[in-house]
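Enquirer: Now for the letters of each chain:
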Amino acid sequence: QKEVEQNSGPLSVPEGAIASLNCTYSDRGSQSFFWYRQYSGKSPELIMSIYSNGDKEDGRFTAQLNKASQYVSLLIRDSQPSDSATYLCAVNIGFRNEKLTFGTGTRLTIIP
Amino acid sequence: GAVVSQHPSRVICKSGTSVKIECRSLDFQATTMFWYRQFPKKSLMLMATSNEGSKATYEQGVEKDKFLINHASLTLSTLTVTSAHPEDSSFYICSATPTDTQYFGPGTRLTVL
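In order, the protein sequence lines correspond to chains A and B. No gaps in the numbering here: position 36 of the first sequence is 36 in my numbering, and each next residue is one more. No gaps in the numbering here: position 48 of the second sequence is 48 in my numbering, and each next residue is one more.
Simulated from the structure, these hints should not be mistaken for lab results. Some clues are possibly wrong.
Straight line, CA to CA, 27 Å or less: simulated DSSO-like cross-link-like pairs of lysine-lysine [what the hints assert, rightly or not]:
(1) Lys41(B) to Lys55(B)
(2) Lys42(A) to Lys41(B)
(3) Lys42(B) to Lys42(A)
(4) Lys14(B) to Lys99(A)
(5) Lys64(B) to Lys42(A)
(6) Lys99(A) to Lys20(B)
(7) Lys20(B) to Lys42(A)
(8) Lys55(B) to Lys99(A)
(9) Lys66(B) to Lys99(A)
(10) Lys42(A) to Lys99(A)
(11) Lys41(B) to Lys14(B)
(12) Lys14(B) to Lys42(A)
One-sided excerpt, in silico: chain B residues whose CB lies under 8 Å from chain A [as the list claims (entries may be wrong)]:
(13) Ser43
(14) Leu44
(15) Gly53
(16) Tyr103
(17) Gly105
(18) Thr111
Even for Gly, the Cβ is constructed at its ideal location relative to N, Cα and C.
Go ahead and model the full structure; you've got the sequences and the hints to work with.
Expert: In structure tokens:
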């Protein structure tokens, strides 16, 4: 079982709709959870971090964490073509300090 | 805040030469920096963790003598690809962390002819 799992996609969402990206992780001791966006040919860019169960909102983005289910998700409201990218879920597994374990990423395409 | 730079952004070199890539944290001090490589359409692969003033910790399968890492100050880490070969051609990305969040540099695209 992979430590951090994401559906690789591609996930296609109409412009203006809600895009939902999911991620599961294997280590119950994980403390920190991050979503990064990576455009083709570019490096990852931090979107959000979340540490506690529940929802965290930042503009059009909402991260959701459920530690009991070992599940973290990212919702993108009012999706725009500029949101088309690969979204990486990253988890601080156990107590490895700052070292992150990344999922393989979900490729999201917003259809105009 | 939390800006990380890399230099150069692109480099083309001949097989057998060495290439140095710099990673700098511009507005914070980073006791820990990370080096990743990424092949086209593949996920990030952590190569090593770089700690200021001490030896880097390499991931399994990464040759420490080929990928030399030096973290000489709290704002600078360097990766040197020694005796580069075409199979070393890749996108090399560093990240730095002021707390527990990693911020990535823009990456260096290495092409070895």
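Enquirer: A separate judgement is required for each hint: does it hold in the structure or not?
Expert: Hint-by-hint comparison with the structure:
| no. | hint | verdict |
| --- | --- | --- |
| 1 | Lys41(B) to Lys55(B) | violated, 31 Å |
| 2 | Lys42(A) to Lys41(B) | holds, 12 Å |
| 3 | Lys42(B) to Lys42(A) | holds, 13 Å |
| 4 | Lys14(B) to Lys99(A) | violated, 33 Å |
| 5 | Lys64(B) to Lys42(A) | holds, 26 Å |
| 6 | Lys99(A) to Lys20(B) | holds, 23 Å |
| 7 | Lys20(B) to Lys42(A) | holds, 20 Å |
| 8 | Lys55(B) to Lys99(A) | holds, 16 Å |
| 9 | Lys66(B) to Lys99(A) | holds, 22 Å |
| 10 | Lys42(A) to Lys99(A) | holds, 21 Å |
| 11 | Lys41(B) to Lys14(B) | holds, 25 Å |
| 12 | Lys14(B) to Lys42(A) | holds, 24 Å |
| 13 | Ser43 | holds, 4 Å |
| 14 | Leu44 | holds, 5 Å |
| 15 | Gly53 | violated, 16 Å |
| 16 | Tyr103 | holds, 6 Å |
| 17 | Gly105 | holds, 6 Å |
| 18 | Thr111 | violated, 13 Å |
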